[in-house]
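**Student:** For reference, the chains in residue letters:
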Amino acid sequence: MQASLWPSRRAFLVGTSLALLLILAIAHPAFAQGEAPPSYRDFPVIGSRVAVWIVAQVHLMLAAFMLGVPMFALVVEYVGVRSRERRYDDLAREFTKLILVAASTTAVFGALLTFLLFTLYPQVMSRLADVFLPTMVLYPLLFFGEVFALYLYWYSWDRLNTRSGKRWHLLIGLVLNLIGTTLMFVANAWLTFSISPESGGQPLYDQAGAFTGTLWQAINNATWWPINIHRVIANIAFGGAVVGLYAAIRFLNSRSEQERAHYDWMGYVGNFIAVIGLIPLPFAGYYLGREVYGFSQQMGVTMMGGFLSWLWILQAMLIAVIFLSANYYLWIGMGRIQGGERYRGRIKWLLAILTLGVLVWATPHNPVVTAEEQALIGGAFHPLLGVLGVMSAKNTAVNLMILTTFVSFLFYRRAGKGEPLPFGSQGRTAKIVLIVVLVIAVLLSLAPALYVLRDGLAETSRLLRVGLSGLHGLLLIIGVILTFRDRGKLGQWIILGSAAGVVLFFGIYGYFVEATIRIGFSVYQVLAVLSALISTTAIDVFLFQGAPSLGTIAWGKIPARAQYVLILLAVGFTWLMGLMGYARNAIRQHWHIYEVLQDTSADAFSPTLGFAARVISVCVLVFLGLMGFIFWLGNLSEKKAPAALRPEALPAAD
Amino acid sequence: MANSLKVSGFIVLVVVLIAGFASLIPQLESPAPEELVISGELSGAELAALGEEVFNSAGAGCLACHGLGKPGLRAPDLAGIGAAAGDRVASLSAEQYLRQSLIEPCSFVVSGYDCIMPQTLQQTLGDAKLTALVAFLQGQGGEVTVRLSAEAAQASTDEAGAGIAGVTAAEIFTNAGCVACHTLPTVGAAGQVGPDLSEVGARLTPDEIRRSILFPDEQLAANCPTGPCLAGLMPKAFGESLSALQLETLVVFLAEQGAP
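From first to last, the protein sequence lines stand for chains A and B.
Anchor point for the first sequence: position 524 equals 523 in numbering that gives the first Met the number 0, and the numbering is continuous, going up by one each time.
Anchor point for the second sequence: position 196 equals 195 in numbering that gives the first Met the number 0, and the numbering is continuous, going up by one each time.
Quick caveat, the hints were computed from the structure, so don't treat them as lab data.
Remember, predicted model here, so these are calculated numbers, not experimental data.
A hint or two may mislead.
[Claimed, not checked] Just the calculated beta-carbon pair ranges, DEER-fashion:
#: 1; chain 1: A; residue 1: Ala601; chain 2: B; residue 2: Asp206; range: 46 to 56 Å
#: 2; chain 1: A; residue 1: Leu358; chain 2: B; residue 2: Glu217; range: 17 to 27 Å
#: 3; chain 1: A; residue 1: Gln544; chain 2: B; residue 2: Val15; range: 28 to 38 Å
#: 4; chain 1: B; residue 1: Phe9; chain 2: A; residue 2: Pro382; range: 45 to 55 Å
#: 5; chain 1: B; residue 1: Phe9; chain 2: A; residue 2: Gly496; range: 36 to 46 Å
#: 6; chain 1: A; residue 1: Thr354; chain 2: B; residue 2: Leu23; range: 14 to 24 Å
#: 7; chain 1: A; residue 1: Ile516; chain 2: B; residue 2: Ala189; range: 31 to 41 Å
[As the list claims (entries may be wrong)] Computed footprint of chain A on chain B; a stretch qualifies when at least three of its residues, placed anywhere within it, have a C-beta under 8 Å from a C-beta of chain A:
#: 8; region: 75-83
#: 9; region: 91-104
Heads up, the beta-carbon is just placed ideally off N, CA and C, and yes, glycines get one too.
Could you build all of it, start to finish, from the sequences and the hints given here?
**Tutor:** Right, dumping it as structure tokens:
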């Protein structure tokens, strides 16, 4: 199943062109000493900003696909090797083929973006090149490395499909992902430097506007790591969502039961990966927000309470779409599992919690309002709903939504399984792994309390923080002890209930303490949820290992609306990615490099959300159109039926 | 083919719905700092039109308290102020009265209202915008007599674009207008509107001080000279008018006042 060579050659040629273009752009006479380039050049009809915006955003979406899907492919291939199921290997291969096709399109947009930036914004790029020149040379080299690793990964698939070879193939996949991630980190440095030209609390420009830092300080600026972490996690989720999109489209166009079964299963795997990525994403977002505030309170205020405040209402709506879609897909999916009907009655409660969570998350606290609106609501905050708009309520809502999504997943997992076997029958490995996981989970939940304990327990809030963390840690231990005593399901509910209790307690208690103390409560909420997710997952894996099956999963027997849910999930993720791109750039307002290089172009103002939404929509439609084209191209060479459920096993890696 | 069309239609529908929702919620644009470029002398009407823009802008913040043709939230209705301004103080013309009211608002407080107006407009707007504002207010029922020469406008452009001036904490404290309301002996401030800041470092942490500057209504102090401080008393524009460095300088300085 080798793809034709032309997309790869094209990717190589485009990549070479990109590198040459970048070098030529840097070497442009405009960068020679003594000759000042014009500040800006105009782009016809749509203007320079919109032109760069669209090309950059589509390039970023394609790049996220290029980074997220190889992560997905590597994980799936590894699962295939471990489980010795051929279908996983075929799934990984199917998506690697799509990456090959996407590589050239991504490179074309990258080249176009480079061209536009260096011609339309020569002085801005000159200032950035002054600081980042070495990394601008490194970038194309990394791109070559990524393309070579991708070729190697694809073309060695058959040759390395042996017992010892598979290990090397996985290693190539790992190298591919490492190079791709490094590539993203390099580009992130340029982006984040323009947001936060400060490193370790030290400004990187003096009063006269001269760069005073080192290259490493410029790279390791205040928001570099938060963006790196956020993007890696988002790419995993995005990769899963795009896999779901592909599977949904193929499912709807399937002509046989076998094809439908294959693409139904693929859609499930895509949704699963998307949910895995989605769960930690809000935490990464809060980390980024905290660092933005840490760098500049003024920027933080602009972001959360200034003209961008309504953006978060739109974000909340999109996240609601994503959370509800992911859950709804799991609920529909239970219909094709014999035994799934046992959980149908509980779905309404899960839906109720999710809906309430969404409503709280979407409640604005201090949006910018007109004087008339302020007079109508009787102040800057709504007397009733304003209470739900504060971070205490929002943190509580999002943590409960994450726990609820996890419960949906637990129900799905155990839908087709009967009562678990006695834990003693799971062997010694299960016991050791569970104890190790328990230790990690307890340490996670107790870590912030230990930090507080160091400074004494004189205040009530300190006592409560330490006491509640200790109680949660104790309940984690009780949950695992119950698992050892064959009451694992009860143990899981105790742990999940404890996490929900911690989240609710700190959510409510936050209203009664000062802001400086309240901010720290989110850490306890997040760690209680994370420790519960880790320990409950570990318990569930061993609890239902070898449990009697209530029937097979009828892959392919799922309503068409489930596929539209997967499409909705992918559209929601893509649109959200575009929105966050707008937010990331809009917080700089009229600065190219924040408080260093001012935007004096005609586009110096930050546009309205409605205008941004129209541009983002164009980007989303262009990207999804390109994806449709790539999916179509990728399947032109496919002659034989999908390899799903093929009986032959994979060789296991050593 | 039919399925592909359905999927495409579904995707377009979802995207249009999201974009439609985004267009329905309040639309705010963040303008870049304006440079007041004036070539030649402006007529009174042109200056008043410019002043109307300043009046409605978030930077000036007039509408946060005042009304125009209806009662304001915390300050008088300014309809007809142009006609009445000339009669308020015998020794001052309408233009002089309005200008002084903007620069030193506590000089003439309308009966029934407290002096809560920030005394920082000259610093944050600059002379040219301030003059335009005077022209606009004069045009509310009166004849606009204010003029602004191109030279005067140009001279004030740089000053206004620079935001609040000052590098040292004392300079920032004075130039931002904090001295008008707060008492702080170390910089010679004896304001009687907001709380005394002599011991603020003992009462508040640096983070709380920072939040009090950026979100003054979040935690209201109980020790204003006339009793508990009222919401809306302190301007909320310091997040915009102070640079990040100025803000931090001010926070560190205030945290040292009376710190143990």
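**Student:** It remains to establish, for every hint, whether it holds in the given structure.
**Tutor:** Consistency of the hints with the structure:
Separated by about 39 Å at the C-beta atoms, alanine 601(A) and aspartate 206(B) break the suggested range of 46 to 56 Å. Taking the beta carbon of each, leucine 358(A) and glutamate 217(B) are about 24 Å apart, inside 17 to 27 Å as hinted. In this structure the supplied range 28 to 38 Å is violated for glutamine 544(A) paired with valine 15(B), their Cβ-Cβ distance being about 47 Å. With their beta carbons about 41 Å apart, phenylalanine 9(B) and proline 382(A) fall outside the hinted range of 45 to 55 Å.
In this structure the hint that phenylalanine 9(B) and glycine 496(A) lie 36 to 46 Å apart at CB holds, the actual value being about 39 Å. Judged by the Cβ atoms, the range 14 to 24 Å given for threonine 354(A) and leucine 23(B) holds: they are separated by roughly 21 Å. For the pair isoleucine 516(A) and alanine 189(B), the beta carbons lie near 34 Å from each other, so the given range of 31 to 41 Å is met. Counting residues of the region 75-83 of chain B whose beta carbon lies closer than 8 Å to any beta carbon of chain A gives 0, which falls short of the minimum of three for the stated coverage.
Interface restraint, the region 91-104 of chain B with chain A: violated (0 residues with C-beta to C-beta distance below 8 Å; minimum three).
The structure does not agree with the numbered hints 1, 3, 4, 8, 9 stated previously, though it agrees with the rest.
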